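Take the sequences, apply the hints, and build the full model.
Top line first, the protein sequences correspond to chains A and B. To convert, count from 1 in the first sequence and add 89; that's my numbering. To convert, count from 1 in the second sequence and add 89; that's my numbering.
Hints listed in this document are in silico derivations from the structure and should not be mistaken for laboratory results. In this text the structure is predicted, and so the values were computed from the model without any measurement. There could be a bad hint or two in this list.
Any copy, or any two copies together, can satisfy a pair, since identical chains are not distinguished.
Below 27 Å or equal to it, Euclidean Cα-Cα: the simulated DSS-like pairs (lysine-lysine) are [unchecked claim]:
{"#": "1", "residue 1": "205", "residue 2": "183"}
{"#": "2", "residue 1": "233", "residue 2": "143"}
{"#": "3", "residue 1": "91", "residue 2": "143"}
{"#": "4", "residue 1": "283", "residue 2": "205"}
{"#": "5", "residue 1": "501", "residue 2": "268"}
{"#": "6", "residue 1": "233", "residue 2": "91"}
{"#": "7", "residue 1": "501", "residue 2": "329"}
{"#": "8", "residue 1": "464", "residue 2": "501"}
{"#": "9", "residue 1": "496", "residue 2": "329"}
There are 2 protein chains.
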Amino acid sequence: MKATIVSIGTELLFGQIVNTNAAWLSSELQVAGVDVLYHFTVGDNPERVRAILKRALDESDLVITTGGLGPTQDDLTKEIIAEVIDVPLIQDEKTIQELEAFFLRRGAPMTENNRKQALMPENAQVFYNPVGTAPGFLSEVGEKTIMALPGPPREMKALFDLWVRPWLNEKTQATIFYKILRFYGIGESALETKLLPIIEGQTDPTIATYAKDGECTVRVASKRAREEDAIYAVAETIEKIRELVGEYLYSTENMELHEVVAQKLIARSVTLSTAESCTGGMFADRLLSVPGMSASFLSGWIVYSNESKTELLGVSKELIEKKGSVSEDVAIAMATGARTRAQSDIAISVTGVAGPDGGSESKPIGGCWIAVASKGKISTFYFEARNLGRAYNRSVFTLAMLDVLNKTLDNKL
Amino acid sequence: MKATIVSIGTELLFGQIVNTNAAWLSSELQVAGVDVLYHFTVGDNPERVRAILKRALDESDLVITTGGLGPTQDDLTKEIIAEVIDVPLIQDEKTIQELEAFFLRRGAPMTENNRKQALMPENAQVFYNPVGTAPGFLSEVGEKTIMALPGPPREMKALFDLWVRPWLNEKTQATIFYKILRFYGIGESALETKLLPIIEGQTDPTIATYAKDGECTVRVASKRAREEDAIYAVAETIEKIRELVGEYLYSTENMELHEVVAQKLIARSVTLSTAESCTGGMFADRLLSVPGMSASFLSGWIVYSNESKTELLGVSKELIEKKGSVSEDVAIAMATGARTRAQSDIAISVTGVAGPDGGSESKPIGGCWIAVASKGKISTFYFEARNLGRAYNRSVFTLAMLDVLNKTLDNKL
Chain A
90 MKATIVSIGT ELLFGQIVNT NAAWLSSELQ VAGVDVLYHF TVGDNPERVR AILKRALDES
150 DLVITTGGLG PTQDDLTKEI IAEVIDVPLI QDEKTIQELE AFFLRRGAPM TENNRKQALM
210 PENAQVFYNP VGTAPGFLSE VGEKTIMALP GPPREMKALF DLWVRPWLNE KTQATIFYKI
270 LRFYGIGESA LETKLLPIIE GQTDPTIATY AKDGECTVRV ASKRAREEDA IYAVAETIEK
330 IRELVGEYLY STENMELHEV VAQKLIARSV TLSTAESCTG GMFADRLLSV PGMSASFLSG
390 WIVYSNESKT ELLGVSKELI EKKGSVSEDV AIAMATGART RAQSDIAISV TGVAGPDGGS
450 ESKPIGGCWI AVASKGKIST FYFEARNLGR AYNRSVFTLA MLDVLNKTLD NKL
Chain B
90 MKATIVSIGT ELLFGQIVNT NAAWLSSELQ VAGVDVLYHF TVGDNPERVR AILKRALDES
150 DLVITTGGLG PTQDDLTKEI IAEVIDVPLI QDEKTIQELE AFFLRRGAPM TENNRKQALM
210 PENAQVFYNP VGTAPGFLSE VGEKTIMALP GPPREMKALF DLWVRPWLNE KTQATIFYKI
270 LRFYGIGESA LETKLLPIIE GQTDPTIATY AKDGECTVRV ASKRAREEDA IYAVAETIEK
330 IRELVGEYLY STENMELHEV VAQKLIARSV TLSTAESCTG GMFADRLLSV PGMSASFLSG
390 WIVYSNESKT ELLGVSKELI EKKGSVSEDV AIAMATGART RAQSDIAISV TGVAGPDGGS
450 ESKPIGGCWI AVASKGKIST FYFEARNLGR AYNRSVFTLA MLDVLNKTLD NKL
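Next comes the structure, spelled out in structure tokens:
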């Protein structure tokens, strides 16, 4: 089944609202085995809505609209759908009764434009709305189906769950299963080059790569008649991917690196302390965004100045003078200082140059030293990012720290 | 001028990514006086991309695409645009040189698919990309214009600012001037109600309000023939707004609260230390994202556990036992402990319950105590958010701390 999502509302075209409905519906439809061909967004303009709906119906078996079902003058979705599928609008008695009851409960008078919400295309299946006043509906047009859902995401999702999902379960024969794999330490084009032997000539599962600042994602999706076949095909392909680029793979469950690390720390009851200079708390913040990390996280220091490195963590003044604050030795002293003071199993430190100022030839902006101290062991790493500005540098420093900690926990360092 | 935004990428149709680009571009175009007719989203399918681009060009004077400019096999935007406007792709020498220099700096080999990024439609104006490897471009087709921008929002915005905005300024005869005002401590509908006397009956400048988690934004935009008239009209309206809701206004320059606070600290040479429990480094991270904050930020502590509050900041064990770790007294002890140790002008502390667990009737999830210690003075604040989950709670706690610090710096507390 092929579908198009049509989002109706001028506020979307003004950029006042980000269209989260289209993404949410797409993800639900994909899982149900429906191919989404297009998202179309159009304002409250009858001619353009009409043209877009006709085009969507031309190419798709299923068209889902969101928005334009409210009581106000610019809510025109129903009128235009009725026109496009050539049926009259008639009053739905159950909706009128529900609206009357709703306004009675509220003690507010029902205005004439609220009555408009009870008009439905003839022969439509009404999607009664338990969480709002605007019902949706489903109309069949020959072999095709058009559905109208309200614009507010909460109502749209409620009507989808209540009416659309059961309909889809009945209609679709195939099941889709997919996993999202996440990688660190390899660029998108290098990843794709390495995966070419699997990508080329393979139609199912499909493999799609995506890049994000400093990270890569691969989606492995299979569409089969039986769900267990799809699950098996995806698992098999993931194993092939693991053989080729397993060293960079950190999650097959679409988890972010900080979630993976936090879960390992929590699951293994490993305690952690942190000593951050250039990342300024970002590393601790990421880890502590994960529920339950309070059990593992003992103490964190943000030691921006040389004085604070010395006073709070005991990094010797002479060492800083001799080696410079951005140096392997200072990173080591920060990590050991933090570990001793916090009495944690592991301590991780970072010192680097986030920019925009403060770089030099030997200490470029975008470079940092990371040290990890654990019982009887200290490891250090130099990481250098392409300097794409302070925000980017701080963010990729944090990712590099997470990668180092992740590999430490896996005994890969 | 009428425009259509075409977003290209199967990940959008799978719902993996929410299309924020279309909203951002729409908002920028609207301010520039361009009418956005449609957003079209299409996957990496050559035939459909071709059909959609043709349709977009039929109805619009300007078509902006995002996505599909990367080095991988499914990046097809350039090839299809060249086909649609009937010109060949030719290699852009400057881009090849930039790519070679980039890979040389990285010490990584340039793969053949990276070379693809240097191909451009003949006669295109290349949008060189200072923040990534995929350049964009502009091609003219008769009276119409098509522009291709990369998909990653950071790169898309950078190229828009660098290349598209100047082009728009030249094309649109009127000059648009706008300011974005930011508010804290007032909801959107309350703000809109208070501004009604100005909003009603005013056609220029236009006033548009937007809500974001815990904050409100107002855009005041004027479109006049002469730039100075637009600037004057906006300034005049801002003064009216200030009279009505000035107490909640913290920036007329679209600066975020942490930027406003950081700039004040830096400009006044005020030194700061922080003691965070429930925000776990987020507060320090926000402030330290601002360049130059290293001069003001002395030390930060992340004291999640009771032990760390006692050992690192000298919060007495008895006090924690008696009052509980989430209490006014512990917040005070954390702030004074941090200020004494860091010898900073100001210290700010927070202790609260971010959730999802750990709440009680007297200490609900979503509640926190904030203390600010300065020379001879301690102020405390209790802040309670509607509990909308750990991420939301931590984020609004951080905003509340920033608000408290901002008002402290303005001597309003």
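These are the hints, each one checked on the structure:
no.	hint	result
1	205 - 183	within (13 Å within a copy, 60 Å between copies)
2	233 - 143	both (12 Å within a copy, 25 Å between copies)
3	91 - 143	both (15 Å within a copy, 21 Å between copies)
4	283 - 205	between (54 Å within a copy, 18 Å between copies)
5	501 - 268	within (25 Å within a copy, 52 Å between copies)
6	233 - 91	within (10 Å within a copy, 32 Å between copies)
7	501 - 329	within (21 Å within a copy, 62 Å between copies)
8	464 - 501	within (16 Å within a copy, 50 Å between copies)
9	496 - 329	within (22 Å within a copy, 57 Å between copies)
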